[in-house]
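Kindly generate the complete structure, drawing on both the sequences and the hints.
Take a look at the letters that make up each chain.
2 protein chains.
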Amino acid sequence: MERFEHMKLDPTQVLVMGFASVILIGAMLLNLPIASVDGRSVGFLDALFTSTSAVCVTGLVVVDTGTYWTAFGKTVILILIQIGGLGFMTMATLFAMVLGKKISLKERLIIQEALNQSTLEGLVRFTRYILLYTFLIEGIGALFLSFRFVPEYGLAKGVAYSIFHSISAFCNAGFDLIGYGRSLTPYVSDPIINIPIYLLIILGGLGFSVMVDVINQKSFRRLNLHSKMVLLLTAILIGVPFVLFLVLEWGNPGTLGDLGFGGKLLGALFQAITPRTAGFNTIDTGALTNASKLLTVVLMFIGGSPASTAGGIKTVTFGVIIFTVISMIRGREDTELYGRRISRSIVDRALTIGVVAIALAVFTTMLLAITEAGLDFMDILFEAVSALGTVGLTLGITNRLSPLGRVIIIFAMFVGRVGPLTIAFALARRQRKNKGTVRYPEDKVIVG
Amino acid sequence: MERFEHMKLDPTQVLVMGFASVILIGAMLLNLPIASVDGRSVGFLDALFTSTSAVCVTGLVVVDTGTYWTAFGKTVILILIQIGGLGFMTMATLFAMVLGKKISLKERLIIQEALNQSTLEGLVRFTRYILLYTFLIEGIGALFLSFRFVPEYGLAKGVAYSIFHSISAFCNAGFDLIGYGRSLTPYVSDPIINIPIYLLIILGGLGFSVMVDVINQKSFRRLNLHSKMVLLLTAILIGVPFVLFLVLEWGNPGTLGDLGFGGKLLGALFQAITPRTAGFNTIDTGALTNASKLLTVVLMFIGGSPASTAGGIKTVTFGVIIFTVISMIRGREDTELYGRRISRSIVDRALTIGVVAIALAVFTTMLLAITEAGLDFMDILFEAVSALGTVGLTLGITNRLSPLGRVIIIFAMFVGRVGPLTIAFALARRQRKNKGTVRYPEDKVIVG
Ligand SMILES: [K+]
Ligand SMILES: [K+]
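So the sequence lines, in the order shown, correspond to chains A and B. Residue numbers for the first sequence follow our numbering, beginning at 1 and rising by one. Residue numbers for the second sequence follow our numbering, beginning at 1001 and rising by one.
Please note: incorrect hints may appear among the correct ones.
Derived Cβ-Cβ restraints for the label pairs, each shown as a range [unchecked claim]: (1) B/Thr1075 / A/Ala235: 33 to 41 Å; (2) B/Phe1220 / A/Gly374: 40 to 48 Å; (3) A/Thr127 / B/Gly1331: 25 to 33 Å; (4) B/Ile1322 / A/Phe411: 16 to 24 Å; (5) A/Phe261 / B/Gly1043: 41 to 49 Å; (6) A/Thr127 / B/Arg1221: 33 to 41 Å; (7) A/Phe44 / B/Gly1254: 33 to 41 Å; (8) B/Leu1404 / A/Phe72: 55 to 63 Å; (9) B/Leu1404 / A/Gly396: 25 to 33 Å; (10) A/Gly374 / B/Ala1235: 30 to 38 Å; (11) B/Ser1345 / A/Leu143: 51 to 59 Å.
Since the hints were derived computationally from the structure, they do not count as laboratory data. Using N, Cα and C, we set each Cβ at its ideal position, and we do this for glycine too.
Now the structure itself:
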């Protein structure tokens, strides 16, 4: 482990500079006239917007992916998504290992041994495992999606669509080729599309280490605390919103109202899964009730699990904050869960990420409120949280944003993607360095 | 101190039951036909709404205070405000003392000595000091307000109006008699009204112990940490929004746009002071830009200082959270400020109050989104946070709320008033009791 820390590059710098470089290269490629169907360059701002959205696996778009881009443009976007999703998951998993997260013995044997041989070779071997895991799941996903797309679009286009949407779903990118901004709405009642997409989104959002832990341990009780938390929170954060969306949208003619019973169930489940943080939609997001929109904003803010392809403050961060509060209310000094306590420094990191994320959401929304004065407040709040959480859902304002608004969203997507991990890593290193420094005398204040 | 803890009644029960009783008595009085100008009862729901709003010093109203109520009704409201504001400040200051907040020696001599003689007699003497402080400030405030109100309304009505608005301002109640829902808008450019109201709101929102500390120490450096934090945060939370409101509303014809330079300054300063948590307004809140509305929501959420007449999560709670995050980012283990560290248990209390308040705000807004499906999202978010923070500002929907919506706001006002203090006190007692209980083994999770 130490070896990795002794490398010359600060890992957070690698992350930020790496992402920025890939985004810029992507923007230059998408800016080429051959990327656009009409043969004219999309313009650098919108090329940058699209590239950032793809690399940060957000899915917000200013031009319709399915109809605007050529096969070249679509391929560039797909590669950017794969690099962004995979690169982030790899980096985040490495960071977690460097920070000394407890992992299972077998996981350690697989990864740590590889890393300890020599830094570069270790990285290569480790990355190979993540690649294998990713391509295997994406391949299976594409296979199942092809049962619908091949009959509908023919063999070549059908296979290409299956691969594109499988990668986009697993990487939680939310880009679609269905065209005319419809996302997956034509398939709202179609289990052949819904079920593979559900599973791809959820698996992509769990994280590599949880997947390895589950495969190795096979029993929930033997999983490490991190895996238990991820699975518990994922179940709660899908189950509760599923019921709420079903109730809130049951009679809404703009969303679930006109669907059959099965369609209502599939549609509500999709709406519960997609805000964390896939970004596809099968019902018209803009037609949701205000209560459902607010619930979606909360889910987008929380996002998926750490060291995965998903965004947001992450399920575990949310969980640590909630379990800390529950422990406090029960009068316990520690954050407790499954007979374990979570260390103070991790609670502090979770708190910091939560507070910084709220501040960023308020700040971004306020900036958009200034640049997009004519737009509805819910629309801009939704857009800001969607960009910061790298979700990609929208109430339909993305392509109506002013140039300044687009710049704000570009920054929000980038900060939303690299921010939480960078903060968590930087805090952990500083906390470690500052052990045993001078403490000030304690003093009291009143709160509440 | 121990004596107070050994009393048979749990202090939080006294607070909750006491407030509930006063609210019910007030509702019964306001429900009488003699309270209404038209000679017919307002109906129990709206009487309860008004009484809750008065006792919780919120200021949200479903009928116009100035034109709907008789002199009897107005007097009942004024008494409810004074009981609510004064009662809360007294209770909260006592709680803080019981929790062993460090207070200055002289403050201790004044209060603690009194309390130590015998519980009942001590309470009476202590309450007498708070009463003196309150009536002195309210009297001076009324005197200055009378310079405008007596020439305008004649001697009797002018004096009554001066007293009413002075009490309403010091208690951060926000009820006004100007009529037709105008609040203080006719006086937007009038320094004779603005300056006394500013000072009354700010003094009422500082808290008794800070006031005593300032009077005793005279120099900022010698103040205790709590007083320093209150003064620092109050200055920041007025100064920064003042500049922002000035910039955001400078050219807005619905608010500051048509005012002269002095009026712009006075109006922006009023808008910066009133969300924490006075609830008067001199400019049309509904005409603010979305950015200003969002800023107002944030300020209403934070509120005034602990153990004062103000509501919200409190400046110090907000400050502890922010300073904790800043300390974390600087890589320090402790929350540090002015060369002191803030104890872990206080940080935990602040965190708990912050998280519970956010959850309550989201929950209340979601309920209102369901019961008031036709209303704009910003309008209901604003109303929910205003009620929970006992602020009383509105974007104009209070009297358009459905009966169910009114019930939700009644609960929100009550919970918003007694909640933070009850939580803080209950947590502090449990933390104290649970010192030295069994700790679980530590385990790690990844956040971010
Ligand atoms: K996404
Ligand atoms: K108020």
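Taking the hints in turn, this is what the structure says about them:
1. At about 57 Å, the CB distance of B/Thr1075 to A/Ala235 disagrees with the hint of 33 to 41 Å.
2. In this structure, B/Phe1220 and A/Gly374 meet the distance hint of 40 to 48 Å, their C-beta atoms being roughly 46 Å apart.
3. As the Cβ distance of A/Thr127 to B/Gly1331 is approximately 30 Å, the hint placing it in 25 to 33 Å holds.
4. Take B/Ile1322 and A/Phe411: their Cβ atoms lie about 23 Å apart, and the range 16 to 24 Å holds.
5. As the Cβ distance of A/Phe261 to B/Gly1043 is approximately 42 Å, the hint placing it in 41 to 49 Å holds.
6. A/Thr127 and B/Arg1221 have their C-beta atoms about 57 Å apart, which leaves the hinted 33 to 41 Å range violated.
7. For the hinted restraint 33 to 41 Å between A/Phe44 and B/Gly1254, the CB-CB distance of approximately 38 Å keeps it satisfied.
8. Take B/Leu1404 and A/Phe72: their Cβ atoms lie about 56 Å apart, and the range 55 to 63 Å holds.
9. Separation of B/Leu1404 from A/Gly396 is about 30 Å and conforms to the stated range, judged on CB atoms against 25 to 33 Å.
10. Taking the beta carbon of each, A/Gly374 and B/Ala1235 are about 35 Å apart, inside 30 to 38 Å as hinted.
11. As the Cβ distance of B/Ser1345 to A/Leu143 is approximately 55 Å, the hint placing it in 51 to 59 Å holds.
The structure is inconsistent with the numbered hints 1 and 6, although it conforms to all the rest.
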